[in-house]
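Engineer: Please model the complete structure; the sequences and the hints are all you need to start from.
Now for the letters of each chain:
2 protein chains.
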Amino acid sequence: MEKLRKHIEEIIPVTDEEFESIKPFFTIRKVLKNQYLISQGDEAKYEYIIVSGIFRVFYLDDDGKEHIVQFATENWWMSDYISYFNQKPANMYVVCMEAGEVLCLTLEGREKLSIALHKMEHFFRVKLTKGYIALQQRIISLLSNKPEQRYKEFANLYPNLMQKIPKKYIAEYLGVSRETLSRLYSGNK
Amino acid sequence: MEKLRKHIEEIIPVTDEEFESIKPFFTIRKVLKNQYLISQGDEAKYEYIIVSGIFRVFYLDDDGKEHIVQFATENWWMSDYISYFNQKPANMYVVCMEAGEVLCLTLEGREKLSIALHKMEHFFRVKLTKGYIALQQRIISLLSNKPEQRYKEFANLYPNLMQKIPKKYIAEYLGVSRETLSRLYSGNK
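Same order as they appear, the protein sequences are chains A and B.
Everything in the first sequence is counted per the UniProt record's numbering, starting at 1 for the first residue and increasing by one.
Everything in the second sequence is counted per the UniProt record's numbering, starting at 1 for the first residue and increasing by one.
Check the hints yourself; a few may be wrong.
Which copy is meant is left open, so a pair is good if it fits within one copy or across any two.
[Said to hold, decoys possible] Below 27 Å or equal to it, Euclidean Cα-Cα: the simulated DSSO-like pairs (lysine-lysine) are:
hint	residue 1	residue 2
1	Lys168	Lys3
2	Lys23	Lys127
3	Lys152	Lys23
4	Lys45	Lys127
5	Lys88	Lys152
6	Lys6	Lys45
7	Lys112	Lys65
8	Lys146	Lys168
Honestly, the hints are just simulated from the structure, not real lab data.
Structural biologist: Put into structure tokens, the structure is as follows:
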């Protein structure tokens with residue numbers, strides 16, 4: 001829970017008393033490699049703040065092809081937000097690629113915290129703003145057909161993950177072949 | 001300004017006194033057809049809430065090819081948010097397709113309003129949440145290679161714009177040819 005406090009205080013300082021009232025809304029959960037936190041068809045009950053580990057959020061199309069929406073690691077937030085915010089069945093999967101721990105927060109908890117503490121509403125708004133920017137960047141990257149640019153944006157977004165994520169998934173995220181990825185790697189060393 | 005109040009009160013009611021303190025942060029601006037509100041290279045100083053009119057947000061790649069990020073109409077918000085939030089030069093263009101009016105808000109105004117009024121911080125958070133969901137949906141739509149699905153999502157997102165936006169731009173948004181678009185239209189009547 002100390003990590004949670006640090007995470008919040010990167011945005012806004014809270015008093016001990018405030019933090020005591022915030023803590024009960026979060027539950028901590030260990031996640032094993034290959035374990036799924038969200039599966040298509042289930043309702044996404046939680047959003048997850050990653051304490052440690054690496055995760056992959058993906059979408060399976062009607063032909064069973066996987067499309068990676070995002071990777072997520074320490075301090076990132078993730079969920080199927082369409083499902084989470086609308087309380088509808090999920091369209092996406094969230095799976096663990098490297099074992100770790102996450103903090104879980106329900107939508108009800110999120111709303112209650114926001115109403116109770118202006119500081120928490122601020123915290124959520126700022127985090128959401130950062131998330132919004134990341135998504136707009138992902139859209140531009142998807143719209144552009146330049147593998148070099150996608151690669152550059154990926155390296156920029158996930159500087160710590162380049163060596164940790166199997167190349168197979170990076171190629172998939174970028175929408176390029178393994179050969180093209182190797183060329184991009186060697187060109188950017 | 002009455003529209004602004006209505007727009008805010010769709011999320012949270014405000015008193016007359018509160019609204020008087022909110023109003024000065026917004027300026028109203030008329031926009032003509034083909035007029036640009038944001039151009040690549042400029043800093044996006046404002047976010048815009050659309051009172052009336054239709055707008056197109058697009059990105060121009062290095063080859064000069066246009067990629068449509070979103071359309072926007074009444075009550076939608078738009079900006080180059082990467083530029084707006086980070087105070088960096090814009091990568092995108094915002095252009096008017098049908099003349100109208102917008103309410104302009106600076107980032108400084110946005111932050112001041114959020115700090116001064118918990119209600120406004122709430123309002124921005126809720127709007128941002130809706131925007132976040134729309135972007136996540138756009139990403140899934142882009143990742144999926146099914147024109148039918150993209151078309152369905154487009155129709156769902158912009159039910160009022162189907163007849164108002166030139167087909168050329170709809171085809172571009174969906175990443176399909178004019179012929180494919182005609183087929184999708186006739187198949188969904």
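Engineer: Look at each hint and say if it fits the structure.
Structural biologist: Hint check results:
1. In this assembly of identical chains, Lys168 and Lys3 lie within 27 Å of each other by CA distance neither inside one copy nor across copies; the values are 31 Å within and 50 Å between.
2. Taking identical chains as interchangeable, the C-alpha atoms of Lys23 and Lys127 lie at most 27 Å apart whether they share a chain (18 Å) or sit on different chains (26 Å).
3. For the homomeric pair Lys152 and Lys23, neither the shortest alpha-carbon distance inside one copy (38 Å) nor that between copies (42 Å) is at most 27 Å.
4. For the identical chains of this complex, Lys45 and Lys127 are neighbours both inside a copy (19 Å) and across copies (21 Å), given an alpha-carbon limit of 27 Å.
5. In this homomeric assembly, Lys88 and Lys152 come within 27 Å of each other (Cα to Cα) only across copies, at 18 Å, whereas the closest approach inside a single copy is 35 Å.
6. In the homo-oligomer, the alpha carbons of Lys6 and Lys45 lie at most 27 Å apart inside one protomer (24 Å), although the nearest pairing across protomers, at 31 Å, exceeds that limit.
7. Taking CA atoms no more than 27 Å apart as the test, Lys112 paired with Lys65 passes in neither setting, with 38 Å inside one copy and 46 Å between copies.
8. In this assembly of identical chains, Lys146 and Lys168 lie within 27 Å of each other by CA distance both inside one copy and across copies; the values are 19 Å within and 23 Å between.
In terms of the numbered hints stated before, the structure departs from hints 1, 3, 7, listed from lowest to highest.
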